[in-house]
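In the order they appear, the protein sequences are chains A and B. Residue numbering for the first sequence follows the numbering used here, beginning at 29 and increasing consecutively. Residue numbering for the second sequence follows the numbering used here, beginning at 43 and increasing consecutively.
Simulated from the structure, these hints should not be mistaken for laboratory data. Fair warning: there could be bad hints in the mix.
From the derived model, a few chain A residues whose C-beta atoms are all more than 12 Å from chain B [to be verified]:
{"id": "1", "residue": "Gln34"}
{"id": "2", "residue": "Gly44"}
{"id": "3", "residue": "Lys45"}
{"id": "4", "residue": "Pro46"}
{"id": "5", "residue": "Thr48"}
{"id": "6", "residue": "Asn56"}
{"id": "7", "residue": "Leu73"}
{"id": "8", "residue": "Gln93"}
{"id": "9", "residue": "Asn98"}
{"id": "10", "residue": "Asp105"}
{"id": "11", "residue": "Arg107"}
{"id": "12", "residue": "Ser108"}
{"id": "13", "residue": "Leu111"}
{"id": "14", "residue": "Thr142"}
DSS-like, lysine-lysine: derived pairs with alpha carbons at most 27 Å apart [to be verified]:
{"id": "15", "chain 1": "A", "residue 1": "Lys66", "chain 2": "B", "residue 2": "Lys96"}
{"id": "16", "chain 1": "B", "residue 1": "Lys47", "chain 2": "B", "residue 2": "Lys148"}
{"id": "17", "chain 1": "B", "residue 1": "Lys148", "chain 2": "B", "residue 2": "Lys113"}
{"id": "18", "chain 1": "B", "residue 1": "Lys148", "chain 2": "A", "residue 2": "Lys45"}
{"id": "19", "chain 1": "B", "residue 1": "Lys98", "chain 2": "A", "residue 2": "Lys66"}
Don't be surprised by glycine CBs; every beta carbon is placed ideally from N, CA and C.
Residues per chain are reported as follows:
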Amino acid sequence: DAMVIQNPRYQVTQFGKPVTLSCSQTLNHNVMYWYQQKSSQAPKLLFHYYDKDFNNEADTPDNFQSRRPNTSFCFLDIRSPGLGDAAMYLCATSRDLRPGHEQYFGPGTRLTVT
Amino acid sequence: DQQVKQNSPSLSVQEGRISILNCDYTNSMFDYFLWYKKYPAEGPTFLISISSIKDKNEDGRFTVFLNKSAKHLSLHIVPSQPGDSAVYFCAASEENQKVTFGTGTKLQVIP
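Okay, chain A solo, but in the shape it has when bound (with noise of 0.2 Å):
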């Protein structure tokens, strides 16, 4: 089945200790999207990739970095993790940014720092 493969689904990194989170698609889309989202809160867009295009959303720290090698792979690397960046890290990929495009998801990478 065509889907969006995330690894590992959980993560425990020590503080201050980089660390990459991976995402993979089947699905051929053009857009991957990695958000953030902790307990009780919304999904947060952190970036996203239109082809090679990178997308930064504003309020995104500096800590996250994305790369997206190629079509199927897209990578979330956090630099420097710290206490307040231990969330669930989903990975969404839509055919197109046009509205009417809905987003598939990863079942998530839940990142626990120490």
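Assemble the complex: chain A is given as a structure, and chain B must be docked to it using the hints.
Structure of chain B alone, referenced to chain A:
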């Protein structure tokens, strides 16, 4: 500033009855609205959407109503089934802009 608000964190409904999930928004530029459903340990999945040019969209047991003057939309599920128990997210977007999500409402359908 939360532009999409779901003021009810949770809702319990008897099986077979109607579930009504509500969502309010503040940005009058939003022109497309979506509902996503999320089961535990899974990502959100798209459920139903509505364009701002419509006031109702129906898909089987699911109907979304949009009241633009009140900046309010609602999702009706009838009849409710135990498998509908999940967290429901309301979301909204402007043309070619990001999707803004609400905080979600946890629906429990009691058999």
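Self-check item: In rising order, the numbers of the hints this structure does not comply with
Solution: 1, 7, 15, 18 and 19
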